[in-house]
Amino acid sequence: MLTIENLHAEVNGKAILKGIDLDVKAGEVHAIMGPNGSGKSTLSSLIAGNEDYEITKGEMLLRGKNLSELDAEQRAHEGIFLSFQYPVEIPGVSVTNFIKTAINANRKAKGIEDMPASELLKKIREKAKLLDIDSKFLSRSLNEGFSGGEKKRNEIFQMAMLEPSLSILDETDSGLDIDALKIVANGVNKLKNKDNATIVITHYQRLLDHIVPDFVHVLFDGKIVKSGTKELAHELEAKGYDWIKELASHGI
Amino acid sequence: MTGSKNWHLMEFKEKLLSSHLAFEEDLNLNDSVHQARATALKIFEDKGFPSKKEEAWKYTSLEALLKKDYALFPKSESSIEVNDVKKYFLYDTDTYKIIFIDGVYSPFLSNTTHDGLDVCLMSAALTKPKYKDLIDRYFNKIAPEDDSMTALNTSYAKEGAYIYIPKSVVAEKPIEIIHFSSGNEQALWLQPRNLIVVDENAQVQIIERHQSLKEHPVVTNCVTEIYVHQNAFLDYYKLQNDLPSASLIDSTFIVQEKNSHASMHTFSLGGKLIRNNLCYFHKGEHIMSTLKGVTILHEKQHVDHATLVHHAQPNCESHQDYKGIFAERSEGVFNGQILVDKIAQKTNAFQQNNNILLDDKATVNTKPQLEIFADDVKCSHGCTIGQLDEEALFYLRSRGIPKKEAKALMTYAFANNVLESVQLPSLKKRINGQIAKKLGVNLGFEL
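Quick note, the sequences are listed as chains Z and G, same order. Quick note, the first sequence lines up with residues 1 to 252 if you use the working numbering. Quick note, the second sequence lines up with residues 1001 to 1447 if you use the working numbering.
Take the hints with a grain of salt, since some may be wrong.
[What the hints assert, rightly or not] In silico EDC-like links for lysine to aspartate or glutamate, alpha-carbon gap of 20 Å or less:
id, chain 1, residue 1, chain 2, residue 2
1, G, 1403, Z, 28
2, G, 1367, G, 1077
3, Z, 182, Z, 214
4, Z, 192, Z, 89
5, Z, 136, G, 1420
6, G, 1403, Z, 52
7, G, 1403, Z, 10
8, G, 1404, Z, 119
9, Z, 151, G, 1118
10, G, 1404, Z, 52
11, G, 1404, Z, 114
12, G, 1403, Z, 214
13, G, 1403, G, 1371
14, G, 1404, Z, 69
15, G, 1404, Z, 89
16, G, 1403, Z, 119
17, G, 1167, G, 1118
18, Z, 129, Z, 119
19, G, 1403, Z, 89
20, G, 1075, G, 1025
Worth flagging that the hints you see were computed from the coordinates, not collected in a lab. Here the structure is a predicted model, which is why all the values come from computation and not from measurement.
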């Protein structure tokens, strides 16, 4: 589904990504781990189409389509979804109105007419239930005054509503207590199927106990320095990142 | 000698002065109103049009406007079909209407009343004996004498809206004051004069607009005096969405007595040049004054909001919240003055002016001006000028919302807390629609 080849990127002339290779197939869950500042969020922003970063080398292909030719909104129309590490507050726009606008924008891009209100409400109710979201929450202004946990839950709610084919969860576990974490992870797991794929970006292994990855990649200093299965995450948890830094410094 | 640069300016001023005799020809020259006109004309003669040299007009120049030869009196009466102007009414709400065409009252389009309250004409109030006491008490008593544009208006004061809400009366229907210009004159200079008195415990909602029906140069120099008595409630909306050939110099002076609430919303969405002078004077304790505005401009439109809240009594509150959105080469000015007298302890005065520049060539000049002589007060002000938040824009786009709609959504959100306090649902809907149109989007929902 997503193929990244030798991706180099920089921001304000500073190299952040220094040659990333990644191949994500439908039905798979990939975890990208790494210490702070290794480039994890840059990679997720780049896939979603953030224009703050400049690709200097390499390419990203989604089902063979070159992503660099698509705007952020076009990538969303192609099925990419980024759950933000820091979701933005939009005062004056309710969660419901926002999701309605987003869904219909995606439908319009595909030449489908607006979703009928009854269908939309039904879907909202169903997905809100899945994530244990109160209906009062849905009429509040988007992310305004939300707790860290509410923001993250709202991100996954949007994901559930938009049904993307490739979801990138950027530090979705940060700010969540263990109960909220379970709800969110359960939601993500229920949305998983053989046709979609998930990239979980996280610093800690804790989320991966609940969203079990097929592959784990360790990102350090803009490069994937080690890839493996879910056992790698446990190893990282046990040994910390220092041995990875060690590994990287020896050029392995 | 005046330099050639100001030649037009002089010429139009001369025209205003020399036409005054003809203007008063059919009017009573023995009453106090004539006296007021004569005094005001003298003040205008001495002061002339405001120039950019004056601090209060530093960023707004009338010079370009004054180069045209405006007709002061329409040559003929113009009639308008209801169907042509219906869209400017709040047609889905039953309202009283005071409608003028080229400054002349249109009984056909209006819906006035004397049943329990007076919603009628200034020309009647200024001349009929039964209004004499009220006119003596309020007319030209609220507006300051020394302001030259107000003096000019006073010198030509004859027609406009006269509204009197007696004690404990709640006006059941909103009142619409609409000034149309037909476009039948080459260029037209209008000077409506409104007087609104809301007596003790009374309540009223008023909507005012000035609307050209055809592209042609119009300048409206409008003055509205409002007296809000104790425990009374005024809810006033100015809808400024005129054609790009029309300019408006609008001066509103509000006196409030104790325990009264006066709220003014100004929506500036279109016009060539708009200057809003909005002044509040407090004459009692526990007064609430609300001043809110949304300005959305493009092309080379210019809007200047000059507000003054004069806290002259203790325990009063004022809230100002103006949002500005400026595209292309449009220009915004905000000059918010808060004056707190020494006696006005426990004053709460808040002022916010936030602006978004959508294009590099758009400009905003914002200046809070707080003069506080009391020591136990809460006063705050804040002004910001910025662009739309890029991160928020990316967030919306990453959800599949195209850039243009995302910008519009954020712009809506930015203006929303001013819209939220609009008390008339159909007006709110109307303004929402106009803002969406102005931003070139259909968001598919009401905010």
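To see whether the hints hold, each was checked on the structure:
For the proposed pair residue 1403 of chain G and residue 28 of chain Z, the alpha carbon gap of about 31 Å is over 20 Å, so the pair is violated. Only pairs whose Cα atoms come within 20 Å are accepted, and residue 1367 of chain G paired with residue 1077 of chain G is rejected, the gap being roughly 43 Å. Restraint check for residue 182 of chain Z and residue 214 of chain Z: satisfied, since their Cα atoms lie roughly 19 Å apart, inside the 20 Å limit. About 28 Å separates the Cα atoms of residue 192 of chain Z and residue 89 of chain Z, which puts this hinted pair outside 20 Å; it is violated.
Pair hint residue 136 of chain Z plus residue 1420 of chain G holds up; C-alpha atoms about 19 Å apart against a cutoff of 20 Å. Taken as a hint, the residue 1403 of chain G and residue 52 of chain Z pair is honoured in the structure, with Cα atoms around 15 Å apart against an allowance of 20 Å. Restraint check for residue 1403 of chain G and residue 10 of chain Z: the C-alpha separation of about 24 Å exceeds 20 Å, so the hint is violated. At roughly 27 Å between alpha-carbon atoms, residue 1404 of chain G and residue 119 of chain Z are farther apart than 20 Å, so this suggested pair is violated.
Simply put, residue 151 of chain Z and residue 1118 of chain G have alpha-carbon atoms about 54 Å apart, too far for the 20 Å limit, and the pair is violated. Between residue 1404 of chain G and residue 52 of chain Z the CA atoms are separated by roughly 19 Å; this keeps the pair inside 20 Å, and the hint holds. A distance of roughly 18 Å separates the Cα atoms of residue 1404 of chain G and residue 114 of chain Z; the hinted pair therefore holds under the 20 Å criterion. Taking the CA atoms of residue 1403 of chain G and residue 214 of chain Z, the gap is about 35 Å. The hint is violated against a cut of 20 Å.
A C-alpha spacing of about 43 Å is found between residue 1403 of chain G and residue 1371 of chain G, which places the hinted pair above 20 Å, so the restraint is violated. Distance restraint check for residue 1404 of chain G and residue 69 of chain Z: the Cα-Cα separation of roughly 18 Å lies within the 20 Å cut-off, and the hinted pair is therefore satisfied. At most 20 Å may separate the alpha-carbon atoms for a hinted pair to count; residue 1404 of chain G and residue 89 of chain Z meet this at roughly 19 Å. Between the alpha carbons of residue 1403 of chain G and residue 119 of chain Z the distance comes to roughly 26 Å, so the proposed pair goes past 20 Å and is violated.
The suggested pairing of residue 1167 of chain G with residue 1118 of chain G holds, with an alpha-carbon distance near 12 Å, which does not exceed 20 Å. A threshold of 20 Å between alpha carbons decides the hint, and for residue 129 of chain Z with residue 119 of chain Z the separation of about 15 Å falls inside it, so the pair holds. Using a Cα cut-off of 20 Å, the hinted pair residue 1403 of chain G and residue 89 of chain Z holds, with the two alpha carbons roughly 17 Å apart. Under the criterion of a C-alpha separation no larger than 20 Å, the hint pairing residue 1075 of chain G with residue 1025 of chain G is consistent with the structure, at around 16 Å.
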